[in-house]
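K.L.:
Sequence:
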Amino acid sequence: MKSSVERIEPTRVKLSIEAPYADLKPSVDEAYKEIAKQIAVPGFRRGKVPARIIDQRVGRAAVIQEAVNNSLDGFFRQAIADNDIQPLGTPEIEDLEMPGLDGKEEGDLTFTVEVDAVPEFELPEYSSLEVEVEPLEVTDEDVEKELDDLRSRFGSLKSVDRPAKKDDFVTLDLTAKIDDEEIDSASDISYQVGAGTMLDGMDEALEGLSADEETTFETKLAGGEHEGEDAQVTIKLTAVKERELPEADDDFAQLASEFDTIDELKEDLKTQAKSNKELQQGVEARDKVLELLIEKLDLPVPSRVVEEEVKRHLEGEGREDDEEHGAEVREQTEKQLRAQFILDKVQAKEEIEVTQPELIEYIITSAQQYGMNPNDFAQALDQSGQVGAVAGEVGRRKALAAVLAEAVVKDTNGEVIDMTAFTTGSEEAEEAEEEASED
Numbered sequence: 000m001k002s003s004v005e006r007i008e009p010t011r012v013k014l015s016i017e018a019p020y021a022d023l024k025p026s027v028d029e030a031y032k033e034i035a036k037q038i039a040v041p042g043f044r045r046g047k048v049p050a051r052i053i054d055q056r057v058g059r060a061a062v063i064q065e066a067v068n069n070s071l072d073g074f075f076r077q078a079i080a081d082n083d084i085q086p087l088g089t090p091e092i093e094d095l096e097m098p099g100l101d102g103k104e105e106g107d108l109t110f111t112v113e114v115d116a117v118p119e120f121e122l123p124e125y126s127s128l129e130v131e132v133e134p135l136e137v138t139d140e141d142v143e144k145e146l147d148d149l150r151s152r153f154g155s156l157k158s159v160d161r162p163a164k165k166d167d168f169v170t171l172d173l174t175a176k177i178d179d180e181e182i183d184s185a186s187d188i189s190y191q192v193g194a195g196t197m198l199d200g201m202d203e204a205l206e207g208l209s210a211d212e213e214t215t216f217e218t219k220l221a222g223g224e225h226e227g228e229d230a231q232v233t234i235k236l237t238a239v240k241e242r243e244l245p246e247a248d249d250d251f252a253q254l255a256s257e258f259d260t261i262d263e264l265k266e267d268l269k270t271q272a273k274s275n276k277e278l279q280q281g282v283e284a285r286d287k288v289l290e291l292l293i294e295k296l297d298l299p300v301p302s303r304v305v306e307e308e309v310k311r312h313l314e315g316e317g318r319e320d321d322e323e324h325g326a327e328v329r330e331q332t333e334k335q336l337r338a339q340f341i342l343d344k345v346q347a348k349e350e351i352e353v354t355q356p357e358l359i360e361y362i363i364t365s366a367q368q369y370g371m372n373p374n375d376f377a378q379a380l381d382q383s384g385q386v387g388a389v390a391g392e393v394g395r396r397k398a399l400a401a402v403l404a405e406a407v408v409k410d411t412n413g414e415v416i417d418m419t420a421f422t423t424g425s426e427e428a429e430e431a432e433e434e435a436s437e438d
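Take 0 as the starting number for the sequence shown in numbering that gives the first Met the number 0 and just add one per residue.
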């Protein structure tokens, strides 16, 4: 098989492929076998019909067409491998000419393929990259926040006779209507005001509302058969509660930790706050290094691939007509594609490999995030053909760590920051990668 490539756009190529009949013949023989199993001819057992009879019954052209259909993907994949092309999106086949239609085992299968592809580019020197992050400073406020978070875990709820405000816990009844027709209702819903986990506009509607009061607000439904439709939602509060925190004293320290005094607990929380700051610093450095690479290269992205992803995303959310959100999704998609192009190239340059233990660890962590059994999650990935995509994600994370290891990271005070914990596959690095992916 021979092939050549023409880059017709920075992110689109045209492949010209030519395969002799000899390369197609195994598929032709297989096509005869498959067709022989499907047709019934008097005097012949199913599956044992000779090729000449099949030619008479279904036609030589049908056999060749079947063989070509089964071979195109293989020839295409060989061509992109031979020409070092990384395809994106769905290939479009044109100018197809099939050999052997006259019964002679000669001639060439020729066709062209247009497909979006990763653009050609050269990576800059990683050592020339320099980014600035916030300094590592643990304040009394940071320690108090850690302490308040811990106290919240041991807090209790008590009813209050006042309007609801942010962070209160409320119980409510809800009714949704479209054009005055009730489409859904629910009772005794528990919700924390300000959580932002239910309907758009609900938090604003709840604030200032007291028990036994109700209000109606307009919103766009986020799920169900009416997803994306505008609805009038009426909520009635039946209870307002606030979290009552335990006193931060020695008794609490003994209850919530292995320490005997509140001072000892605070010292430990200070250490935790420092670790959190270090984690944030590492995530910030990684984000900025990647952002700097994206800005330096300013790579083109295939508009067809971008628009298909934007359409899929908006349809999934039922927000096809939301132009502002569409623009946000488009910008994010373009950024993600550029990051993928760059990190894939880094991975190839640095010859970074993804080991099976690394892949398993990533799958286990992801399964935990989705609340799934790791084996079930791995099986779902395999059935949907996503294992390769997961391996690609792990490889890109390792590639970003390799870039960060070469870059110079300083804080705003001019101090050089050691990023070793985020570039050597340590536990801290894995946590940073996980948090960065969530962001």
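It should be emphasised that the hints constitute simulated quantities derived from the structure, not laboratory data.
Heads up, a few of these hints could be off.
Unchecked claim - Using 16 angstroms as the maximum straight-line C-alpha spacing, the simulated EDC-like pairs for lysine to aspartate or glutamate come out as follows:
#, residue 1, residue 2
1, Lys-265, Asp-286
2, Lys-265, Glu-140
3, Lys-103, Asp-22
4, Lys-1, Asp-148
5, Lys-273, Glu-140
6, Lys-219, Asp-248
7, Lys-219, Glu-322
8, Lys-276, Glu-133
9, Lys-273, Glu-105
10, Lys-36, Asp-54
11, Lys-273, Glu-129
12, Lys-164, Glu-206
13, Lys-287, Glu-131
14, Lys-240, Glu-217
15, Lys-219, Asp-178
16, Lys-409, Glu-129
17, Lys-32, Glu-5
18, Lys-269, Glu-131
19, Lys-287, Glu-96
20, Lys-334, Asp-375
21, Lys-344, Glu-119
22, Lys-310, Asp-321
23, Lys-295, Glu-119
24, Lys-24, Glu-121
25, Lys-235, Asp-259
26, Lys-164, Asp-107
27, Lys-348, Glu-121
28, Lys-409, Asp-286
29, Lys-409, Glu-314
30, Lys-265, Asp-178
31, Lys-310, Glu-323
32, Lys-269, Glu-121
33, Lys-295, Asp-141
34, Lys-276, Asp-107
35, Lys-219, Glu-206
36, Lys-176, Glu-119
37, Lys-310, Asp-286
38, Lys-344, Glu-121
39, Lys-235, Asp-248
Since this is a predicted model, take the numbers as computed values, not measurements.
K.L.:
Run every hint past the structure and note whether it holds.
P.N.:
Hints and how they fare:
At roughly 31 angstroms between alpha-carbon atoms, Lys-265 and Asp-286 are farther apart than 16 angstroms, so this suggested pair is violated. For the given pair, Lys-265 sits about 12 angstroms from Glu-140 by alpha-carbon distance, which is consistent with the 16 angstroms threshold. Among the hinted pairs, Lys-103 with Asp-22 is consistent with the structure: their alpha-carbon atoms are about 14 angstroms apart, no more than 16 angstroms. For the hint linking Lys-1 to Asp-148, the alpha-carbon distance of about 65 angstroms lies beyond 16 angstroms, and the restraint is violated.
Proximity of Lys-273 to Glu-140 is assessed by CA-CA distance (about 12 angstroms); at most 16 angstroms being required, the pair is judged to hold. Among the hinted pairs, Lys-219 with Asp-248 is inconsistent with the structure: their alpha-carbon atoms are about 46 angstroms apart, more than 16 angstroms. For the hint pairing Lys-219 with Glu-322, the CA-to-CA distance comes to about 15 angstroms; that is within 16 angstroms, so the pair holds. Distance check on the hinted pair: Lys-276 and Glu-133 sit about 9 angstroms apart at the alpha-carbon level, within 16 angstroms; holds.
Distance check on the hinted pair: Lys-273 and Glu-105 sit about 74 angstroms apart at the alpha-carbon level, beyond 16 angstroms; violated. With a C-alpha separation of about 14 angstroms, the suggested pair Lys-36 and Asp-54 falls inside the 16 angstroms cut-off, and the hint holds. Distance check on the hinted pair: Lys-273 and Glu-129 sit about 24 angstroms apart at the alpha-carbon level, beyond 16 angstroms; violated. Using a Cα cut-off of 16 angstroms, the hinted pair Lys-164 and Glu-206 holds, with the two alpha carbons roughly 5 angstroms apart.
Restraint check for Lys-287 and Glu-131: the C-alpha separation of about 8 angstroms stays at or below 16 angstroms, so the hint holds. Taken as a hint, the Lys-240 and Glu-217 pair is broken in the structure, with Cα atoms around 25 angstroms apart against an allowance of 16 angstroms. Our distance criterion of 16 angstroms between C-alpha atoms is met by Lys-219 and Asp-178, whose separation comes to about 13 angstroms. Between Lys-409 and Glu-129 the alpha-carbon distance is near 8 angstroms, which keeps this suggested pair within the 16 angstroms criterion.
Distance hint between Lys-32 and Glu-5 is unfulfilled; the C-alpha atoms sit about 37 angstroms from each other, more than 16 angstroms. Of the pairs offered as hints, the one joining Lys-269 and Glu-131 is violated, with about 24 angstroms between alpha carbons and a cut-off of 16 angstroms exceeded. This hinted pair does not check out: Lys-287 and Glu-96 have alpha carbons roughly 51 angstroms apart, beyond 16 angstroms. Distance hint between Lys-334 and Asp-375 is unfulfilled; the C-alpha atoms sit about 31 angstroms from each other, more than 16 angstroms.
For the hint linking Lys-344 to Glu-119, the alpha-carbon distance of about 10 angstroms falls within 16 angstroms, and the restraint holds. In summary, the hint linking Lys-310 to Asp-321 is supported, as the alpha carbons are separated by about 11 angstroms, within the 16 angstroms threshold. Straight-line distance between C-alpha atoms of Lys-295 and Glu-119 comes to about 15 angstroms, which keeps the hinted pair within the 16 angstroms bound. With a CA separation close to 41 angstroms, the supplied pair Lys-24 and Glu-121 exceeds the 16 angstroms bound.
The hinted pair formed by Lys-235 and Asp-259 fails the criterion: a straight-line CA distance of about 45 angstroms is larger than 16 angstroms. Distance restraint check for Lys-164 and Asp-107: the Cα-Cα separation of roughly 75 angstroms exceeds the 16 angstroms cut-off, and the hinted pair is therefore not satisfied. Only pairs whose Cα atoms come within 16 angstroms are accepted, and Lys-348 paired with Glu-121 is accepted, the gap being roughly 10 angstroms. At most 16 angstroms may separate the alpha-carbon atoms for a hinted pair to count; Lys-409 and Asp-286 meet this at roughly 14 angstroms.
With a C-alpha separation of about 43 angstroms, the suggested pairing of Lys-409 with Glu-314 is violated against the 16 angstroms cut-off. Among the hinted pairs, Lys-265 with Asp-178 is inconsistent with the structure: their alpha-carbon atoms are about 56 angstroms apart, more than 16 angstroms. Taking the CA atoms of Lys-310 and Glu-323, the gap is near 13 angstroms; set against the 16 angstroms cutoff, the hint holds. For the suggested pair Lys-269 and Glu-121, the alpha carbons sit about 45 angstroms apart, so the restraint of at most 16 angstroms is broken.
Simply put, Lys-295 and Asp-141 have alpha-carbon atoms about 36 angstroms apart, too far for the 16 angstroms limit, and the pair is violated. At most 16 angstroms may separate the alpha-carbon atoms for a hinted pair to count; Lys-276 and Asp-107 exceed this at roughly 64 angstroms. Distance check on the hinted pair: Lys-219 and Glu-206 sit about 19 angstroms apart at the alpha-carbon level, beyond 16 angstroms; violated. Distance restraint check for Lys-176 and Glu-119: the Cα-Cα separation of roughly 53 angstroms exceeds the 16 angstroms cut-off, and the hinted pair is therefore not satisfied.
Proximity of Lys-310 to Asp-286 is assessed by CA-CA distance (about 27 angstroms); at most 16 angstroms being required, the pair is judged violated. For the hint pairing Lys-344 with Glu-121, the CA-to-CA distance comes to about 9 angstroms; that is within 16 angstroms, so the pair holds. Restraint check: the Cα-Cα separation between Lys-235 and Asp-248 comes to about 39 angstroms, which exceeds 16 angstroms; the hinted pair is violated.
Checked against the numbered hints above, the structure breaks hints 1, 4, 6, 9, 11, 14, 17, 18, 19, 20, 24, 25, 26, 29, 30, 32, 33, 34, 35, 36, 37 and 39 and satisfies the rest.
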